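Here are the chains, one letter per residue:
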Amino acid sequence: MNSQLKRGVLELCVFSMLYRNDCYGYQLVKVISDNIAISDGTIYPLLKRLKDDGLVDTYLVESGVGPPRKFYHLTPKGKEQTQMELFSWREFENGVNEVLKAGGIL
Amino acid sequence: MTKREFLLTLEKALYFLDPAERRDILNDYEEHFRNELAEGKNEYQIASDLGNPVDIAMQYKPEQAPGETRPPERIQPVIKRQAPPPYTPPVFPSARTAENRVDPFAGSAAPAPGRVDPFASNIPPADNIFSAPRDNRTCTPTPETAFQQAAAEPKKRKGFWYFVGRALSTFLYVFCMVFVGIIALVLVVAGWAVVIGGAVAGLVEGISAFFVYANFGLMIGMFLGGVGVALLCVALGFLMVKGTIGLFKLAKKIIMKPINLLKEVFA
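From first to last, the protein sequence lines stand for chains P and W.
Sequential numbering from 1 applies to the first sequence in my numbering.
Sequential numbering from 107 applies to the second sequence in my numbering.
Errors might be hidden in some of the hints.
[Said to hold, decoys possible] With a straight-line cut-off of 25 Å between C-alpha atoms, the simulated DSS-like cross-links for lysine-lysine are:
1. P:K101 with P:K70
2. P:K51 with W:K118
3. P:K48 with W:K109
No lab work stands behind these hints, which were simulated from the structure alone.
Please read all numbers here as calculations on a predicted model, not as lab measurements.
With the sequences and hints as input, model every part of the structure.
Printed below as a string of structure tokens:
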């Protein structure tokens with residue numbers, strides 16, 4: 001898949017995971033890489049970039065075992081971005097479907 | 107790659123960040139390893155699922171402005187030893203037939219008018235791309251490569267001057283090689299004379315020692331000496347055989363050269 005497109009889609013996946021609940025990094029990686037063929041190492045740099053852009057926040061939560069876990073939380077700016085990306089995803093999806101219909105395989 | 111190797115490589119490759127940030131990122135991966143290990147994966151598997159640490163580090167680089175180019179990064183991974191990943195037998199997909207195929211577009215909209223739905227079961231098998239025999243598909247044959255075309259063309263008759271040139275060069279080759287061969291042959295014959303002569307003389311000397319000398323000590327001494335010389339000569343002969351195999355091969359090649367040319371002329 002085109003890397004630029006993939007990055008946008010992954011971003012949307014992360015946003016959707018964080019939209020209702022806060023998650024820690026490993027949870028995000030598990031859910032996304034179980035469903036999409038990407039290497040696990042792709043998500044962490046993405047999270048870092050989102051944090052640098054102010055779309056997500058992090059906070060630490062003490063866990064029973066080992067060091068505290070880093071949880072990710074969507075900021076208001078991130079929620080806004082989610083809506084925008086969801087919209088452009090729908091648009092893209094519909095566009096592709098239309099093309100597939102025109103080609104006669106859908 | 108072990109966990110340690112992965113983290114060391116990543117740390118090295120994140121040189122462009124300040125230490126606090128780097129520590130933070132490494133903590134993320136350490137936690138990832140911890141979680142995965144708790145799920146029963148091994149370190150090598152986790153590292154390979156994460157991907158190349160150098161590539162990962164590059165994703166932490168600040169975005170570069172369009173048009174700006176950087177020299178390629180040269181960071182050697184920190185790897186001490188490589189463990190083979192656990193063997194998992196490959197799972198081959200079963201051949202797709204009209205019976206076991208899964209319709210990926212089940213429930214999707216009907217095809218545009220004028221198009222044949224390849225998944226519809228009511229179309230005759232000859233028109234169905236899944237059940238039609240292979241020969242019925244329209245395929246354009248791949249064009250022959252220049253090499254195949256050249257191989258397919260009948261060989262041209264070779265001209266008179268070609269054979270004159272070949273004969274002359276063959277004559278020169280054979281003449282020179284025979285000249286060298288004569289010298290080599292003389293050396294080899296001389297070598298064999300030394301080897302055989304030495305071996306026979308040593309044996310005769312060793313055996314005759316029993317009949318010639320009355321002194322027991324002298325007798326045994328001469329016997330051992332003689333046999334020793336014989337063995338030495340045999341060893342020398344062995345080395346000579348090893349050394350002259352190439353010479354015999356060359357001789358065969360020289361003999362075959364005019365024979366091959368004659369075969370070509372009369373073929």
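Next item on the list: Starting from K51 (chain P), check that the Cα of K118 (chain W) is at most 25 Å away, please.
Entry: Since the Cα atoms of K51 (chain P) and K118 (chain W) sit roughly 23 Å apart, the hinted pair holds (cutoff 25 Å).
Next item on the list: Sort out whether K70 (chain P) lies within 25 Å of K101 (chain P), counting only the CA atoms.
Entry: This hinted pair is violated, its Cα atoms lying about 45 Å apart.
Check: If you draw a straight line from the CA of K48 (chain P) to the CA of K109 (chain W), is it 25 Å or shorter?
Finding: holds (21 Å)
Hint check: a violation occurs at hint 1 only; the rest are consistent with the structure.
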